[in-house]
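Colleague: Please model the entire structure based on the sequences and the hints provided.
Listed here are the chains, written in short residue letters.
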Amino acid sequence: MRYDTILRIGAKLILPFILLFALYVQFHGDFGPGGGFQAGVVSAAMVILYAIIFGLAAAQRVVPPILVETMVPLGVLIYAGVGVAAMLLGGDYLNYSVLLHDPVHGQEFGILLVEIGVLVTVAGTMTAIFYTFVGRGR
Amino acid sequence: MVLLTLMAAVTVGVVRLRNLFAVVILGGIYSFLMASVLIVLDAVDVAMTEASVGAGIATVLMLGTLYLTKVEEHRPVHTPLLPLFVAVVTAAVLVYGTYGLPPFGAADTPMHLHVAPYYLAQSIEQTGVPNVVTSVLASYRGYDTLGEVTVIFTAGIGVLLLLKGRRRDGEKGDKA
Amino acid sequence: MEILEPILHHYNHWITIFLMVSGLYIVVARGNMVKKLVGLALFQTSVYLLYISPGKILGGTPPILAEGFSVYSNPLPHVLILTAIVVGVATLALGLALVVRINEEFGTIEEDEIFEMISEE
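Residue numbers (this note's numbering), protein chains in the order written: chain A, 14 to 151; chain B, 2 to 177; chain C, -14 to 106.
Each statement offered as a hint is correct.
Pairwise CB distance ranges (calculated):
id, chain 1, residue 1, chain 2, residue 2, range
1, B, 89, A, 74, 53 to 59 Å
2, C, 98, A, 104, 57 to 63 Å
3, B, 14, A, 148, 31 to 37 Å
4, C, 90, A, 83, 29 to 35 Å
Honestly, the hints are just simulated from the structure, not real lab data. Since the model is a prediction, treat every value here as computed from it, not as a measurement. Quick reminder that beta carbons are idealized off the backbone N, C-alpha and C, glycines included.
Modeller: See below:
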């Protein structure tokens, strides 16, 4: 019972920092190591840690399975949508240079949007797979 | 060097052990050692991905599978001489092949001379992003990343199709 | 010193070959399905090492452009292997889901027992 309390309080202290680290890795992927995939996996690890310590029912109240299952195709839609938007604005498919007024800024904006799409799909898929595996053994 | 020898030792453990729980934990240790080796080889993005994915998600999923199935492995019925022979012959042929490879760390091999200097020189001017791996992944080779996101999406859909729904307790009669 | 030279030049490659061959041995020789999947993951990580170790230049830095550095390691294998790692974990998840379903159908995950059950029907 003592160890249970230590785990719960320790997890509550550290979970916001894990989310902060995931967002840091995502948005600093341009200047250091990082990017969408690492950030998505770290976000999924945060939800998995919460589910391991506080139970699956509590985790599914905070991050409901409907939200997670919607996130899985949403990231692919964002990625493909950036390509279609580039085509509508006059360039080729996935040519980021036409997205803004300036080719270099357009490339940076396109890379940002694309990495957000990757983050959403990876986090959603890893969390959905974890929910499915653990929810099976009832 | 030392890290690579440690990885080889962990691999021998994975082959020989029969308790699957220990095998999965050794797999996690192996992924962390691989991430350290990758940092020594200057691949920082890959090291972060391998550490988080290999030692995090793969270990969690395999422990989840062990929770749903059993934990011991059966003793093999017949001694596997033919696979061992095939493995040793393959290893010998590949080691003979490595004598034609350039030595480790050389800077004048063909892979460093043609496409890579173009990306290293042009990345800041054309995309404004200092991390060359991110700019190649998201901008120069953006189609491959689109395909990769689609593969992850497909795997997620596949797992949801296979395992969703309430577990039927061991009876196959009402599946029609 | 002449004997040590091939060892220093090719030690990475030999360890990679050892990991690859032991992964192959686990997949072929062991009957338990979860252990086969662990062997497959072992094989995949040895292939990552095979791709990335020729990309390193002795005296170079990680491929992040910054002031003061001029020699960078090759970024192209890193991009390829980043994709390969994530695809590898996706197929591992799918394989584990299949193992769980096989276990529910047959009650076991040993290959020889499943073959006996199929050949008896």
